[in-house]
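> Sequence:
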Amino acid sequence: MMKRLIAVCALIATPLFAQDFSEGSNAKTWNLYAEVPATFEAEVVDILCTVAGDCANACADGRQLGLLRSADNQLVFPNKNRQSSFNGAAYDLHPYCGKTVDVDGLMIEDEDIPGAKNIYLIQFIKEAGAADWEKANKWTKVWAEKHPEAKGKGPWFRRAPRVNAAIEADGYFGQGLSHEDAYALTQ
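Numbering (the numbering used here), first residue to last: 1 to 187.
The set of hints was computed from the structure by calculation and includes no laboratory data. From a predicted model like this one, the values you see are computed outputs, not experimental measurements. A few of these clues could be false.
Ranges between beta-carbon positions, derived for each pair [unchecked claim]: (1) F157 / A56: 31 to 39 Å; (2) G152 / E127: 45 to 53 Å; (3) G176 / N26: 45 to 53 Å; (4) Y33 / A71: 21 to 29 Å; (5) V142 / T29: 21 to 29 Å; (6) R158 / W133: 40 to 48 Å; (7) N57 / A144: 36 to 44 Å; (8) A71 / A130: 28 to 36 Å; (9) Y183 / G53: 45 to 53 Å; (10) E127 / F157: 28 to 36 Å; (11) A166 / E41: 37 to 45 Å; (12) A182 / S70: 26 to 34 Å.
Derived DSS-like pairs (lysine-lysine); straight-line CA-CA distance at most 27 Å [claimed, not checked]: (13) K153 / K28; (14) K138 / K99; (15) K135 / K28; (16) K117 / K138; (17) K153 / K99; (18) K146 / K99; (19) K28 / K138; (20) K126 / K138; (21) K126 / K99; (22) K28 / K99; (23) K135 / K146; (24) K141 / K151; (25) K141 / K126; (26) K141 / K28; (27) K138 / K151.
Using N, Cα and C, we set each Cβ at its ideal position, and we do this for glycine too.
Let's have the full structure, built from the sequences with the hints guiding it.
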């Protein structure tokens, strides 16, 4: 009897403590562990400013941005955009810094794993109340504009001057080219 009472209380209490943000989401699954579709309204914030009070350069290029969710005032960390190569979301969020937006994507959250809470993979974004969604896929376009010398086919990191210089200097394993001979690596 007591087990049944506890189970009923748990079912009744769940909506009070855990909010479901999946309703209305159009996010594409990545089949990642603990992913859940999530769409919500949030303010785009500079994380260092919000967490540590370091606001002198808030929203400047290179600063990590976050989502302060309106429904529960939780800071959500958008670590990835829509692109398949696990690119960051800062370029997609930057134009909205300090503004309220609607976002749609995948939330990664597992209470049993430290650090796996409020990790977000943003796929769509729009200013709050706007009609049209934008795809969160700006990273490679911005990268290509910053590196016009890296034209060609294939993933960006195969053409990245900094990556290629590091490989040329220290090999694929970063231990020097002599360590690579045993593996006969080719590009």
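> Now tell me, hint by hint, if it's right for this structure.
Each hint tested on the structure:
1. F157 / A56: 31 to 39 Å: Taking Cβ atoms as reference, F157 and A56 lie about 32 Å apart, which means the hint holds.
2. G152 / E127: 45 to 53 Å: Between G152 and E127, where Cβ atoms are some 35 Å apart, the hint is violated.
3. G176 / N26: 45 to 53 Å: With a Cβ separation near 48 Å, G176 and N26 satisfy 45 to 53 Å, so the hint holds.
4. Y33 / A71: 21 to 29 Å: Holds, since Y33 and A71 (Cβ atoms, about 24 Å apart) stay within the stated range.
5. V142 / T29: 21 to 29 Å: holds, 26 Å
6. R158 / W133: 40 to 48 Å: Hint violated: Cβ distance 31 Å, outside 40 to 48 Å.
7. N57 / A144: 36 to 44 Å: Given about 26 Å between the Cβ atoms, the range is violated.
8. A71 / A130: 28 to 36 Å: violated, 19 Å
9. Y183 / G53: 45 to 53 Å: holds, 48 Å
10. E127 / F157: 28 to 36 Å: holds, 32 Å
11. A166 / E41: 37 to 45 Å: Since A166 and E41 have Cβ atoms about 41 Å apart, the given range 37 to 45 Å holds.
12. A182 / S70: 26 to 34 Å: At roughly 55 Å between Cβ atoms, S70 and A182 fall outside 26 to 34 Å, so the hint is violated.
13. K153 / K28: holds, 26 Å
14. K138 / K99: holds, 18 Å
15. K135 / K28: Holds. K135 to K28 sits at ~12 Å (cutoff 27 Å).
16. K117 / K138: Since the Cα atoms of K117 and K138 sit roughly 25 Å apart, the hinted pair holds (cutoff 27 Å).
17. K153 / K99: violated, 36 Å
18. K146 / K99: holds, 26 Å
19. K28 / K138: Satisfied, since the Cα-Cα distance of roughly 17 Å is no more than 27 Å.
20. K126 / K138: Distance ~14 Å between K126 and K138 Cα, so the pair holds.
21. K126 / K99: holds, 10 Å
22. K28 / K99: Holds - the C-alpha atoms of K99 and K28 are around 25 Å apart, at most 27 Å.
23. K135 / K146: holds, 21 Å
24. K141 / K151: holds, 12 Å
25. K141 / K126: holds, 19 Å
26. K141 / K28: holds, 21 Å
27. K138 / K151: Distance of about 17 Å is within 27 Å: holds.
In the structure shown, a violation is registered for the earlier hints numbered 2, 6, 7, 8, 12 and 17, in ascending order.
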